[in-house]
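Position chain F relative to chain E; hints supplied.
First to last, the sequence lines map onto chains E and F. Those letters in the first sequence? Residues 0 to 383, per numbering that gives the first Met the number 0, in order. Those letters in the second sequence? Residues 0 to 285, per numbering that gives the first Met the number 0, in order.
Don't read these hints as lab results, they were simulated from the structure. There's no promise every hint is true.
What the hints assert, rightly or not - A short, non-exhaustive set of chain E residues, derived as facing chain F with CB atoms under 10 Å:
1. A117
2. A212
3. P213
4. G316
What the hints assert, rightly or not - Here are the simulated lysine-lysine pairs, DSSO-like style, with alpha carbons at most 27 Å apart:
5. E:K162 <-> E:K80
6. E:K162 <-> E:K202
7. E:K137 <-> E:K120
8. F:K124 <-> E:K271
9. E:K202 <-> E:K120
10. E:K271 <-> E:K245
11. E:K120 <-> F:K226
12. E:K247 <-> F:K124
13. F:K68 <-> F:K182
14. F:K226 <-> F:K38
15. F:K124 <-> E:K330
16. E:K202 <-> E:K243
17. E:K285 <-> F:K124
All residues carry an ideal CB built from backbone N, CA and C; glycine is no exception.
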Amino acid sequence: MFQISKKLIAAGLAGAFLLTACGGGGEPQPTSFPGLMIDGNNGYLASGSQVYKFDVTTNAEAWRFPAQAVNTLNFAGQPLKFGDVVIVGGATSPSGGAYDNHLYAINQQTGAEVWRFAAGKDGNPGKEFADGVVTDGKLLYAANGDHTLYVLDPSNLDGGQPKTVWTFTAQNKLWSRPLVADGVVYQGSLDHNMYALDAATGKELWRYTEAAAPIVSQPSISNGTLFFGSFDNLFFALDAKTGKLKWKTPVDGWVYSSSLVENNVVYFGDAKGRFYALNAADGSVKWTFQTQGAIHAKPVLSGTTIYVVSGDTIVYGLDANQATDYKAAKKNEGIGRRLFSTPALVGNTLLVVPLDGAVKVQAVNVDTQNLANKFAFPQATPGK
Amino acid sequence: MGDIFDLVVVNPFTNALLVLYGVLGSYVLAVIVLTVIIKVSTLPLTIQQQVSSMKMAAMQPKMKEIQDKYKNEPQKLQEEMRKLGYNPLSGCLLMFIQLPIFIGLYQAITRTLGVTPFNLLDLGKHVYSFIPNLSSLVPINSNFLGMDLGQPDKLFIIPILVVATTWFSNKLMTPPATDAQTKQTNQMMQMMMPLMFGFFMLSAPAGLGIYWLVSNLIQVAQYYIMKPRLESARAQYGLPSLNAKSGDSASKAVIDVERPAPPKSRARGSNTARFNTAKPDEKKDK
Chain E
0 MFQISKKLIA AGLAGAFLLT ACGGGGEPQP TSFPGLMIDG NNGYLASGSQ
50 VYKFDVTTNA EAWRFPAQAV NTLNFAGQPL KFGDVVIVGG ATSPSGGAYD
100 NHLYAINQQT GAEVWRFAAG KDGNPGKEFA DGVVTDGKLL YAANGDHTLY
150 VLDPSNLDGG QPKTVWTFTA QNKLWSRPLV ADGVVYQGSL DHNMYALDAA
200 TGKELWRYTE AAAPIVSQPS ISNGTLFFGS FDNLFFALDA KTGKLKWKTP
250 VDGWVYSSSL VENNVVYFGD AKGRFYALNA ADGSVKWTFQ TQGAIHAKPV
300 LSGTTIYVVS GDTIVYGLDA NQATDYKAAK KNEGIGRRLF STPALVGNTL
350 LVVPLDGAVK VQAVNVDTQN LANKFAFPQA TPGK
Chain F
0 MGDIFDLVVV NPFTNALLVL YGVLGSYVLA VIVLTVIIKV STLPLTIQQQ
50 VSSMKMAAMQ PKMKEIQDKY KNEPQKLQEE MRKLGYNPLS GCLLMFIQLP
100 IFIGLYQAIT RTLGVTPFNL LDLGKHVYSF IPNLSSLVPI NSNFLGMDLG
150 QPDKLFIIPI LVVATTWFSN KLMTPPATDA QTKQTNQMMQ MMMPLMFGFF
200 MLSAPAGLGI YWLVSNLIQV AQYYIMKPRL ESARAQYGLP SLNAKSGDSA
250 SKAVIDVERP APPKSRARGS NTARFNTAKP DEKKDK
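Next up, chain E with everything else stripped away, as it sits in the complex (with noise of 0.2 Å):
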């Protein structure tokens, strides 16, 4: 009786630790990061297994793609809105053990699927498209897990899909999306390069090599600067023609997060959790501040106070223009899961996006920090 109990009490432990510890205690693991797009009163969102359209002043929902929730679906990055269609990318599946290499373009009235782009070359199926697709009013750009670039044009559909304009393969996986300015297409990857590509041809121009660890993180550009952050602990400062290096500052800990560049100070967080405002010009730090999770998204600048989400769950209201070190901060007393996406701000309500649960977009009130209760998307359901 006693050996029986104690074998079986040594099996449920077992199989309780490894369904619970290693799957996630029953909610399935994030994978990538979701991501909120605003266009004037309308949001798009896109998030775990599905992408949502509501508004942002009465948080209704308009609709959902696909209608019903897919489990093998995950959708991540910013969704991206292209004259009549918003085009969202698919992500690594929940459980991590599969990819969704598609690019959805959703009717932005409808919700319904207009067109759907399958990434894959030589006969390989593609990969996740972690961060979503950016554009230069023409063509789209979007880096695919498979460590290629693919530029398409969605003027000209070919059995369905968007015709491929050109592609460009790194050696490691590009899991942020390129930055595209003056022609040029700047695209960050795992295996620690910064290209900088023709954005007609795709012809390489030149490539930083001196970062030593992945650079996954949508770069910035001001006044000719491209600003951008590595695994490596450090944060560079290249000539956006030339791809010489201006400066580089060492920071904390890997920077994931991307830039904002206001009134020559870049802003950024690192994923030790520490946030910085470096000067544009030479790389010297402003001032810093310490919060207690990673940072990954990047922040959202209004007039002199800046907005910082945290992997903490805080969302902080920091003073752009101050001089030294924060010792204390405008914070919130934060949402209960953590934030990794980038926030919106809506006059005086940031919408900030929690990693998992229930509650997909959160409002902020920027000027008492308190959550705008009335504001949590998806509405709850009476009943529910």
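Just chain F now, kept in the frame of chain E:
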């Protein structure tokens, strides 16, 4: 709680894997070497568990006696069992150590392989900055014999090998049953555990399967190295030989019921007692 687990278990494994990968240049080799280190470190516990199982098995006849005698007096039964040195969790110690190791390693493997963007961000939080150049090792080359170690094995080779080696290892490590009921439980466990791990491996990264596979093989090797000593210790406790078939041991249980269990003091004695060649009864007489 999660932070403490990260600090104590997951972070050391994560950074050890990265360091070994940097030194050996192969992720599979890094997993194998780390597994060997873990198995060697937990060897004293493995021995302790074996001894504990033997002690418990040796106590079975006496336990039965007490259970029958005090079946209507639960408190007295509990007291007598305690006096006997019965500890229902003593054999589970290794499991309690192994499971956090397994879970920690699972998390370390998924982190280091950076299978998903989220894993990679998570890795950034846990890499020791005082060890130089660890970040330059990322991303890990996860290809091994055409298999992506960060993904489940689509050919099911690893899950099948995990099931087979877990079954074989469990079969070796489970001592012959001393009664029919224990025999039945053992058989159930020997089937359940491998299938459970195999099922889990269907969706787990193949790299974790490599750990479990190597871990099982080392356990088998440890068994054969320790076998002569285990045999001697089993003889000391009056237990059937490891070579005895289950049927033999079940029938032997009848004889064992008559045999007195080792004295309490010895049952609670230090682990070194297990390798004494003199039988407990002989010692008792001295």
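For the pair supplied as a hint, E:K247 and F:K124, is the alpha-carbon distance within the 27 Å limit? Holds: E:K247 and F:K124 sit about 21 Å apart, inside 27 Å.
Satisfaction of the E:P213 interface hint, Cβ to chain F closer than 10 Å: Holds - the Cβ of E:P213 comes within 10 Å of chain F, reaching about 6 Å at its closest.
Are E:K137 and E:K120 close enough, with their CA atoms no more than 27 Å apart? holds (23 Å)
Within 27 Å, alpha carbon to alpha carbon, are F:K68 and F:K182? holds (24 Å)
Given the hint that E:K202 pairs with E:K243, does the C-alpha gap stay at or below 27 Å? Within the cut-off at roughly 18 Å; holds.
27 Å Cα cutoff - pair E:K285, F:K124: Roughly 24 Å separates the two Cα atoms, so the pair holds.
Quickly compare the C-alpha distance for E:K162 and E:K80 to 27 Å and report which way the hint goes. holds (19 Å)
Would the pair E:K120 and F:K226 pass a check requiring their Cα atoms to be no farther apart than 27 Å? Violated, at about 55 Å.
Pair hint outcome, E:K271 versus E:K245 [Cα-Cα no greater than 27 Å]: holds (25 Å)
Between the alpha carbons of F:K124 and E:K271, is the straight-line distance 27 Å or under? It holds: about 5 Å lies between the C-alpha atoms, which stays within 27 Å.
Holds or violated: E:A117 as interface residue toward chain F, Cβ cutoff 10 Å? Where the cut-off is 10 Å and the nearest Cβ of chain F is about 19 Å from E:A117, the hint is violated.
Have a go at the E:A212 hint: is there a Cβ in chain F nearer than 10 Å to its own Cβ? Since the shortest Cβ distance to chain F is 4 Å, the answer is holds.
When held up to the earlier numbered hints, the structure conflicts with 1, 4, 11 and fits the remainder.
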